[in-house]
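Undergrad: Below are the chains, spelled out letter by letter.
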Amino acid sequence: MSAEAQLDITQAPRTNWLVLLPLFLVLGLGLLLALNLLQKKRDQDAGRDSKEVPSPLIGKPVPAFDTLDLVTGAAVSTKALRGQAFILNVWASWCAVCQIEHPVFNAYAKTPGALPVIGLNYKDAPDDAKRWIAQLGNPYNQIAVDENGKIGMDLGVYGAPETYFVDRDGIIRFKQIGEMTAQILATQTARMAGPR
Amino acid sequence: MTPELGQVALILALCLTLILGFAPLIGAWIGNQVLMRLGTPAAAGQFVFVAFAFSLLTYAFIAQDFSVKYVADNSNTELPLIYRYTAVWGGHEGSKLLWALVLAGWTLAVTAFSGHLPETLRARVLGTLGLIGSGFLGFLVFTSNPFTRWLPPMPDGNDLNPLLQDPGMIIHPPMLYMGYVGMAVPFAFAVAALLEGKMDRQWVRWSRPWTNVAWAFLSVGIALGSWWAYYELGWGGWWFWDPVENASFMPWLVACALIHAQAITEKRGTFVNWTLLLSIAGFSLSLLGTFLVRSGILTSVHAFASDPLRGAYILGFLGLVTGGALTLFALRASNIRVASNAALMSKESLLIINNVLLVSACFLVLCGTLWPLVTEIMHWPKVSVGAPWFGANFSLIVAPLFILMPLGAFTRWHGDTVAAILPKLKFAALAALVVAAIAWLWLKNLDVKTTLGVLGGFWIIFGTLSFLIRRWRDKPAGQRYTAEMLAMSSAHFGIGLWLLGVVLVNTLGVERDVRLKSGESVSVGGYTLLMKSVTQVSGPNFEADEGVFELKSGEQLIAVLRPQKRVYRRGNVQTEAAIDPSLARDIYVALGEPLDANRQVWAVRAYLKPYIRLIWLGALLMGFGGLLGAFERRLRRRVEQTRMAPTAVAANAVQA
Amino acid sequence: MNEARKKRVALIALLVLGVGSATALALMGFKENLNHYFSPTDISDGKAANVSRVRLGGWVKEGSLHRSDSTTPGSAVWSAFKMTDRFRCVSVRFDKILPDLFKEGETAVATGVIGADGVLVADEVLAKHDENYKPPGVEEYAKVAEQRMAAAGGNVVDCQP
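Residue numbers (numbering that gives the first Met the number 0), protein chains in the order written: chain A, 0 to 195; chain B, 0 to 655; chain C, 0 to 160.
Worth flagging that the hints you see were computed from the coordinates, not collected in a lab. Just so you know, nobody snuck in bad clues.
Every beta carbon over 12 angstroms from chain B, so not counted as near; a handful from chain A, in silico: (1) 74; (2) 109; (3) 115; (4) 166.
Below, simulated BS3-like cross-link-like pairs (lysine-lysine); rule was C-alpha separation at most 30 angstroms, straight line: (5) C:30 / B:448; (6) C:102 / B:516; (7) C:142 / A:59; (8) A:149 / C:142; (9) B:423 / C:6; (10) B:381 / A:40; (11) A:59 / C:102; (12) C:142 / A:40; (13) C:95 / C:30; (14) C:95 / B:531; (15) B:381 / C:30; (16) B:266 / C:6; (17) B:516 / C:95; (18) C:142 / B:381; (19) B:381 / C:46; (20) C:102 / B:381; (21) A:59 / C:46; (22) C:46 / C:95; (23) B:516 / B:551; (24) A:129 / A:149; (25) B:425 / C:6; (26) C:95 / B:381; (27) B:551 / C:95; (28) A:149 / C:102; (29) B:531 / C:102; (30) A:122 / A:109; (31) B:266 / B:474; (32) B:266 / C:5; (33) A:78 / C:102; (34) C:102 / A:122; (35) B:381 / A:59; (36) C:95 / B:443; (37) B:448 / C:95; (38) C:142 / A:78; (39) C:102 / C:142; (40) A:40 / C:46.
The model shown is predicted, which means the values in this text are computed figures rather than measured ones. A virtual CB, placed ideally from N, CA and C, is assigned to each residue, including glycine.
Whole structure, please, built from the sequences with the hints as guidance.
TA: Right, dumping it as structure tokens:
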């Protein structure tokens, strides 16, 4: 005899609150996870992403360098930059994220009150770098060349892109590892203008 | 041109999957056969286009098309060919595409092997899988397109994380994803059953093979991950209770419980609600796992690069899938009232204890993994939960499981007596005690916990063998073993081996971190490692210090080991350990750090790991068992003479 | 029916007892196994007094790294260094091999137990492995340290190597 019992579950006699329990637990869990995500997004926007490591050089003078400009061949040195705040952006043509963030710098360079942006072309082939700049735009006042990575080593550069905010006394105030955003540029520029 | 083709393929796949998601479900609802049957071609189309997109991405890697951003991010001109294949899933977008491919594969398999299902149930299963697939493909197409271009293209790319440039990484993610994604199938069956309403009770039977295979792949995938971490990370550990590991372990525990719960529901018709819930939970935990790993809210040594936006999408998807299924459950399941009148001592009881323990263990791991998130939200001091807490409490919870495991096969459904069961196992118990005593005497430094662990391991092994031997003796040829019995035996045997490996390597393992230079040696266990030299070598995309070590037992040379410390072109540093493997012990040596300027004096790490291979061998046997179980012919039959719990029908009658 | 009901109650009671004791045990051991994230300033403030395990994040003080220099062949390695957040520092001792990329002046995380002498005996030290791992909260430590330094008149020199 076939024992195919038909379980009819379309009728609804009484509701058992117990079956709602898993749903509530899951909703609670979802809330926890959503709040955490929100927190993380807030951290990232403020440049406070826990993945970013502040440089131990913060509060210390920017390591001196004296090299040649990528495009003009003129001298680029920290000594000459003293007396004004500037942004030092470490980039390379082999760096993917640099391409993503580059338009942000292009736009920033055109805004009034923007700090001068000095590029540091890091561990790159000059021809590739020149081509990259020609194709993607040049927001930099000067581009220092660091072909062997020595300047980067002094700065504690770990990879590209990285960006330093240096005040008018040559002290590093902030370091951004990874992609730069317009928001961080705005926040830090305002900070540089404020009281030390 | 080809990357754009890939994008188009994905979009087409998404369209077909949407059809797969909606047509059969609507067809089943309104009773339209044409719509229901659209599932088959839609599933086939989904697979074809996703596979096509995947092969295009693979081609982009092999041809080193750096105009594709994902390729440029994860490989470069020096990357060896074989790793260009694995780099396809080395980053977020590619691994999501692999998910989608695996899901398309499972969907196609279900389509192909579900001919024996009633039409509406089949349509609903495929429809559910289609909806899930739409979510995945939508995620890919709208937020994580692997085919985004960089124009102008870059001259060269970044490097693939060196940790991933390794044979283990070729196979670990695909296996793991087969398991993760495979849990969608029992999920789909549960949802389909809930949608059916007046359902054929046998939906559980038909969902069993799929659960078995998914669990098998998950077992193998986790084992591969553990083995890979052991030899690649250079620390000699095989499990760290790291959030990413826990993320894969939780679905495994629930899938394990599900397999056992399905046994009850299929054979006795009881605990339907519970089986439905577990089926939903299994896949939900898979999705939770993927969320935790990719959203960046948990810190882990092996999390992917994170993005809260992507995390939000996955969380939304998880909410829809799990919330939707549970709402359906709340609406439909309360009407099932199938009372079980099984005795306190019965197969049902043992399986219920199994479920309670496994689910508790899963809950434990979940709480420990998520606790840091709670402290974060409450702005309490940041914490992380240490591995020892997980290990100790997990052991406590599963210990009764190991004790009861051999009893299950000998206990009858509905009711049995202790007096009938235990005599069948007395020989196994005796043998286990004898072996444990010998081990304790021979290995000398075993503590109580380890000896008990050895006892438990051999108890399981001999108990399983007792079952096999008894069947052989008592039954005529041809009726001795079903696939299900062999599957169970293989899996349980595997657990016994696993337990032995775990406790023995834990206690008997020796770890030495010493300072050596050429000509000096260190002893581990009864072996000696003599450091001969350290020289500079070159690889395709790295430079390395390579140490040459002679492994000796007494005066006899056993092996020459060459551990390396690699520096990859992009600056990543990697420790490559050298291992002399065997079932009885691994000798493991790794270069730590140079202690002098000439790189001739090194801090060296040397380990003796007895029986560690039993851990992974055990897991392989579990996987084998899982696969075997899928071949149980009984599970594919449409009509079946079942000895059902007699009150089931009565309960329903009362209900109406 | 009564018999069945009694059995059911017994089973449920057993389950509750089992789950309850497992939960109690788990909770009891929980606190000791939590790794609390602290900065060197937190520790010098005494926040780690009632806590068993500490996960210390910060920078490795330049010049503070000392290693075993015994020339006995096969001698055990050990290293001692100081972790700082540029305001206060903590001595750490580690009896295993330091990770790749562990460098003075870079960030690191040391996890272990602080002894009565105030030295953290670490059983795990992690350095920046790649972009994917980094101790949470180090950024905050730097900010707090800056504030404390300012409050102390800016004249504090963090620890000697």
